[in-house]
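Residues per chain are reported as follows:
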Amino acid sequence: MATGALRRPAAPRAAFAHVRLSGQTLLLGTCALVVGYLVLSPLVFLLISSFRRYEFNGSIGFAFTFDNYLETYLSPDFLPAAGNSVIYAGGGTLIAILAGTGLAWVVERTNTPLRGLYTLLAAATYFVPGVLMAVAWNALANPRNGSLNGLLQNVIDVSQGPLDINSMLGMIWVFGTHLYPIVFLIMAAAFRSMDPALEEAAALSGAGIGAIFRTITLAVSRPAVISAALIIFVRGLESFDVPLMLGLPAKINVLTTEIYATAALHHPPELGISSSLGVLLLLVSVAGVYYYRSATAAALSFSTISGKGYRPQRLDLGRGRVVAALACGLFFFVTLMLPLLATVWISLFPFVRQPSLEALARASFVQYQYVFGYDAIVDAFRNSLLNAALVATFVVVLTSVIAWITLRSRIRGSWILDALAFAPIGVPGTIMGVSILLVYLTLPIPLYGTIFLVTIAHITLFLPYGMRLASDALLRVHPQLEEASELSGATFARTYREILLPLILPGLLAAWVTILAASFRELSAAIFLATPGSRMVSVVMYSAWADGNSTAAAALGVVILVVIVTLALCAWLLGRVFRFAA
Amino acid sequence: MGRHPVGRATAILAAILITACGGTPAAPVAGAATSAPVAPAATGAATSAPVAAPALATKPPSFDEAASTKALYDAAVAANETEVNFYGSINEEEAKPLLDLWTKAFPKIKNNYIRGDETALVSRILTEEQAGKHNFDVLSTTSAHLLIPAGVALKWASPNSALVDPDYKDPAEMWVGIYANWNIIQINTDKVKKGEIKTYEDIANPKWKGQVVIDDTDYEWYQGMVKIRGQAATDALLKKIIAATGVVVLNGHGTINDKITAGEYAIALNQYLNQPERSKRLGGPTDWVGVEPIVAQLGKIVVSKGAPHPNAAKLLANWLVGTDAQKYLTGRGRITTRIDVPNDPPSLVQGLKKTSSPPLGGDELTQIQKSFKAIFK
Numbered sequence: 001m002a003t004g005a006l007r008r009p010a011a012p013r014a015a016f017a018h019v020r021l022s023g024q025t026l027l028l029g030t031c032a033l034v035v036g037y038l039v040l041s042p043l044v045f046l047l048i049s050s051f052r053r054y055e056f057n058g059s060i061g062f063a064f065t066f067d068n069y070l071e072t073y074l075s076p077d078f079l080p081a082a083g084n085s086v087i088y089a090g091g092g093t094l095i096a097i098l099a100g101t102g103l104a105w106v107v108e109r110t111n112t113p114l115r116g117l118y119t120l121l122a123a124a125t126y127f128v129p130g131v132l133m134a135v136a137w138n139a140l141a142n143p144r145n146g147s148l149n150g151l152l153q154n155v156i157d158v159s160q161g162p163l164d165i166n167s168m169l170g171m172i173w174v175f176g177t178h179l180y181p182i183v184f185l186i187m188a189a190a191f192r193s194m195d196p197a198l199e200e201a202a203a204l205s206g207a208g209i210g211a212i213f214r215t216i217t218l219a220v221s222r223p224a225v226i227s228a229a230l231i232i233f234v235r236g237l238e239s240f241d242v243p244l245m246l247g248l249p250a251k252i253n254v255l256t257t258e259i260y261a262t263a264a265l266h267h268p269p270e271l272g273i274s275s276s277l278g279v280l281l282l283l284v285s286v287a288g289v290y291y292y293r294s295a296t297a298a299a300l301s302f303s304t305i306s307g308k309g310y311r312p313q314r315l316d317l318g319r320g321r322v323v324a325a326l327a328c329g330l331f332f333f334v335t336l337m338l339p340l341l342a343t344v345w346i347s348l349f350p351f352v353r354q355p356s357l358e359a360l361a362r363a364s365f366v367q368y369q370y371v372f373g374y375d376a377i378v379d380a381f382r383n384s385l386l387n388a389a390l391v392a393t394f395v396v397v398l399t400s401v402i403a404w405i406t407l408r409s410r411i412r413g414s415w416i417l418d419a420l421a422f423a424p425i426g427v428p429g430t431i432m433g434v435s436i437l438l439v440y441l442t443l444p445i446p447l448y449g450t451i452f453l454v455t456i457a458h459i460t461l462f463l464p465y466g467m468r469l470a471s472d473a474l475l476r477v478h479p480q481l482e483e484a485s486e487l488s489g490a491t492f493a494r495t496y497r498e499i500l501l502p503l504i505l506p507g508l509l510a511a512w513v514t515i516l517a518a519s520f521r522e523l524s525a526a527i528f529l530a531t532p533g534s535r536m537v538s539v540v541m542y543s544a545w546a547d548g549n550s551t552a553a554a555a556l557g558v559v560i561l562v563v564i565v566t567l568a569l570c571a572w573l574l575g576r577v578f579r580f581a582a
Numbered sequence: 001m002g003r004h005p006v007g008r009a010t011a012i013l014a015a016i017l018i019t020a021c022g023g024t025p026a027a028p029v030a031g032a033a034t035s036a037p038v039a040p041a042a043t044g045a046a047t048s049a050p051v052a053a054p055a056l057a058t059k060p061p062s063f064d065e066a067a068s069t070k071a072l073y074d075a076a077v078a079a080n081e082t083e084v085n086f087y088g089s090i091n092e093e094e095a096k097p098l099l100d101l102w103t104k105a106f107p108k109i110k111n112n113y114i115r116g117d118e119t120a121l122v123s124r125i126l127t128e129e130q131a132g133k134h135n136f137d138v139l140s141t142t143s144a145h146l147l148i149p150a151g152v153a154l155k156w157a158s159p160n161s162a163l164v165d166p167d168y169k170d171p172a173e174m175w176v177g178i179y180a181n182w183n184i185i186q187i188n189t190d191k192v193k194k195g196e197i198k199t200y201e202d203i204a205n206p207k208w209k210g211q212v213v214i215d216d217t218d219y220e221w222y223q224g225m226v227k228i229r230g231q232a233a234t235d236a237l238l239k240k241i242i243a244a245t246g247v248v249v250l251n252g253h254g255t256i257n258d259k260i261t262a263g264e265y266a267i268a269l270n271q272y273l274n275q276p277e278r279s280k281r282l283g284g285p286t287d288w289v290g291v292e293p294i295v296a297q298l299g300k301i302v303v304s305k306g307a308p309h310p311n312a313a314k315l316l317a318n319w320l321v322g323t324d325a326q327k328y329l330t331g332r333g334r335i336t337t338r339i340d341v342p343n344d345p346p347s348l349v350q351g352l353k354k355t356s357s358p359p360l361g362g363d364e365l366t367q368i369q370k371s372f373k374a375i376f377k
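If you read the protein sequences in the order shown, they are chains A and B. Everything in the first sequence is counted per the numbering used here, starting at 1 for the first residue and increasing by one. Everything in the second sequence is counted per the numbering used here, starting at 1 for the first residue and increasing by one.
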């Protein structure tokens, strides 16, 4: 295997990792404490709540019981729902991996035109809330009067369909094409910092582009592929909006909708039932991290940045450039423009209308007047962006250090820290909300009733994203660079700042953008921990949609997208200006 | 939930008072064991009123809303209560003007509105109370009564609740309704001809195959149907409708309104009246058919027993069933719970018979949910 050239039998970890332990031990200890503090309380609460049920006798009490597990796992509906969940999450993961990896390769490893635009469009797709995506796809492709079906029925002789978004395939499509940007961001970071020597060698040996991509590019990016697949798969198992809106009409139940229905049979709904599912997701996540660790054990196999001539270079696709650009254009048209057009159309009326010329004559911007005339929305926007930026920054800084600890230091059991930092991916947002609330009601820390509870909940919820992305970034850097710096007498801080950080920066930036978008969209914890001063856009939009004002929710969605794309464009332009100035 | 004898007596007294003042409390619906004769349907708001419209009740001379409100406000100010924590599921857009009205009326007391969905709000309050933190003053949501068994709700009848329809308040004075959701059939007027659907039986027609929907949480409507028609007759009717049309189960009354108005489906077997009213008033091709007696359910409020601002909490609870707040809510297409406040338009449900059931909880509701789920599975 070509990557074998990079493998070295000795020194799998930075030699200096245990030499200067005084400062580092302090750092490790601090990180472990922070992660423990953030993660353990929701995890412990998840476990406790899964074993208890409310007991009211004029006061609030709890009975400890196995009933939550028995009711959830022994239900005759559990296995079919679990099977559907696995198909849904697996199918969505497959689409996301194919689309995200393919696009990342085109953007980072080829000379296809308009590459910067593709990055922007992929990131923008991820900012669209799930509810809105489901509404848009339903308007386009429901078998009864979906507008795409209307068009297709002009050329195909069918009375209903042929597209059916209310099916397992439809659900997988919506999920996969909405979450592929996570894979794209992870894979793009991996490809960006890849030494092209191997690809060039393969090309000189006469390998075709497909073979190079499969046997070289993808092979050395295995940690990133596994990370991305793991995140998307667990997200698929947790997914609620899309199955509820698109699957319910076709009687397709998945784990989350089944749990939702089971919990609703209790008054008030038993949190323990959601927790019992959370415990299962947690086990899947821990197994996933374990697999990731063993699959990437030979860490040096994936170190594509070494001391030797690191100079990323793009493949020249020749005439294929135009084909690749057209393929990307078609991809964005189908996955982003079509649902966006449907959303814009819906937003032009006070109630939902099907597209027609007659309807067009009645279009107005009345819902936009509502969006811009409502000052709380401006506050919500500011809150959401500030909160998301704070969350993304904190998580990226923290996980970049933890990733170093778990991958480079020789501390025994460091994988536990890795698993711990990844574990929150199994915790449902509502459970996170309740546990955060309990912690800050109990501890003498005056954060209760402030916006920072949402920030803390989001930091914990998105720690896993940072953990995987930072680990991938670090795995790509060969320890020999740090060793060289160490041998030259540099301190750890200087090595980190001047050697490591610039090399892992693309990966960290990808993590930052992914977490920014994920926090911006998050609903369950935000709605649970809301305070009068901490309205979030996701909550305002959900509130409008749930109350039957979905056209206003659509208008808000369009505004969100315009603002996000504008901000991203400004950041991109600023980056170019700075680079030019430098 | 048990009925308190004192509360029952109060309700009877209130009903007598209201009747004496010209009001017409809803006639109780006869026995649940037999299916009630189906009354002619009422279509749309003002289009038909088959039953003579009752006059609005007038206030008794002793009722002085301004004075009782002032007394509560003064008490809150005297107790140095400068804010009130209002937990509610009314959406941001609808709540904002309501809160503006509050600020105008009571400038010295800041209203901290905490918006959430009902599950989140109830779970949050239980979490707070369990940890010994009394943070909420008033909760407004359809399932607010679920707090009562936990011992966190205050037994208190506000002065304004005297003019709330007895059907819409708890005789035990633990909760009061601030708006009513009337359960009706929603139709798309492009797909369903006028007069084509008058009763639930009319929906049991293969013509509507794949065109009929219901929300997956319409338990209270189902319970009301059982109360009116009896279990066997209700189940037989629903099974007949399902056999003919294959009713599609969806989630969310707002979503159903969207889909009916957009013509994705033709008929919602059940819907809240304010949904089609909203779209209809905006020019959407939708209308509603009320099959009497119409099942009504409530958005309710409870006051916290351990309220951090006890006087302001009472002021807010009283104000929410006061004239100003109720007028605002009717302007949003909601049905008022007050007997002396007109709906908007006044003819909206005038003359229509309704029936409302006590809010459900515990095993009784679980049983109804299971039956509902079994039928629509």
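Worth flagging that the hints you see were computed from the coordinates, not collected in a lab. Certain hints may be false.
Which chain B residues face chain A? A few, computed with CB under 7 Å, are given here [claimed, not checked]:
{"#": "1", "residue": "Ala95"}
{"#": "2", "residue": "Leu98"}
{"#": "3", "residue": "Leu101"}
{"#": "4", "residue": "Lys104"}
{"#": "5", "residue": "Ile114"}
{"#": "6", "residue": "His134"}
{"#": "7", "residue": "Gly254"}
{"#": "8", "residue": "Leu282"}
{"#": "9", "residue": "Pro285"}
{"#": "10", "residue": "Leu365"}
{"#": "11", "residue": "Ile368"}
DSBU-like, lysine-lysine: derived pairs with alpha carbons at most 35 Å apart [claimed, not checked]:
{"#": "12", "chain 1": "B", "residue 1": "Lys373", "chain 2": "A", "residue 2": "Lys251"}
{"#": "13", "chain 1": "A", "residue 1": "Lys251", "chain 2": "B", "residue 2": "Lys193"}
{"#": "14", "chain 1": "B", "residue 1": "Lys194", "chain 2": "B", "residue 2": "Lys240"}
{"#": "15", "chain 1": "A", "residue 1": "Lys251", "chain 2": "B", "residue 2": "Lys155"}
{"#": "16", "chain 1": "B", "residue 1": "Lys209", "chain 2": "B", "residue 2": "Lys198"}
{"#": "17", "chain 1": "B", "residue 1": "Lys70", "chain 2": "B", "residue 2": "Lys104"}
{"#": "18", "chain 1": "B", "residue 1": "Lys327", "chain 2": "A", "residue 2": "Lys251"}
{"#": "19", "chain 1": "B", "residue 1": "Lys193", "chain 2": "B", "residue 2": "Lys280"}
{"#": "20", "chain 1": "A", "residue 1": "Lys251", "chain 2": "B", "residue 2": "Lys194"}
{"#": "21", "chain 1": "B", "residue 1": "Lys104", "chain 2": "A", "residue 2": "Lys251"}
{"#": "22", "chain 1": "A", "residue 1": "Lys251", "chain 2": "B", "residue 2": "Lys370"}
{"#": "23", "chain 1": "B", "residue 1": "Lys305", "chain 2": "A", "residue 2": "Lys251"}
{"#": "24", "chain 1": "B", "residue 1": "Lys191", "chain 2": "A", "residue 2": "Lys251"}
{"#": "25", "chain 1": "A", "residue 1": "Lys251", "chain 2": "B", "residue 2": "Lys227"}
{"#": "26", "chain 1": "A", "residue 1": "Lys251", "chain 2": "B", "residue 2": "Lys108"}
{"#": "27", "chain 1": "B", "residue 1": "Lys70", "chain 2": "A", "residue 2": "Lys251"}
{"#": "28", "chain 1": "B", "residue 1": "Lys70", "chain 2": "B", "residue 2": "Lys207"}
{"#": "29", "chain 1": "B", "residue 1": "Lys227", "chain 2": "B", "residue 2": "Lys133"}
{"#": "30", "chain 1": "B", "residue 1": "Lys133", "chain 2": "A", "residue 2": "Lys251"}
{"#": "31", "chain 1": "B", "residue 1": "Lys239", "chain 2": "B", "residue 2": "Lys373"}
{"#": "32", "chain 1": "B", "residue 1": "Lys96", "chain 2": "B", "residue 2": "Lys353"}
{"#": "33", "chain 1": "B", "residue 1": "Lys239", "chain 2": "B", "residue 2": "Lys193"}
{"#": "34", "chain 1": "B", "residue 1": "Lys370", "chain 2": "B", "residue 2": "Lys239"}
{"#": "35", "chain 1": "B", "residue 1": "Lys327", "chain 2": "B", "residue 2": "Lys239"}
Here chain B is said to cover these stretches of chain A; the calculated rule only asks that three of the stretch's residues, wherever they fall, bring their Cβ under 8 Å from a Cβ of chain B [stated by the list, open to error]:
{"#": "36", "region": "87-98"}
{"#": "37", "region": "115-125"}
{"#": "38", "region": "142-153"}
{"#": "39", "region": "272-282"}
{"#": "40", "region": "329-337"}
Every value quoted in this text rests on a predicted model; they were computed, and no experiment measured them. From the three backbone atoms N, C-alpha and C, an ideal C-beta is built for every residue, glycine too.
> Hints broken by the structure, by number, lowest first?
Replying inline: 1, 2, 3, 4, 6, 9, 11, 15, 18, 21, 23, 26, 27, 28, 29, 30, 35, 36, 37, 39 and 40
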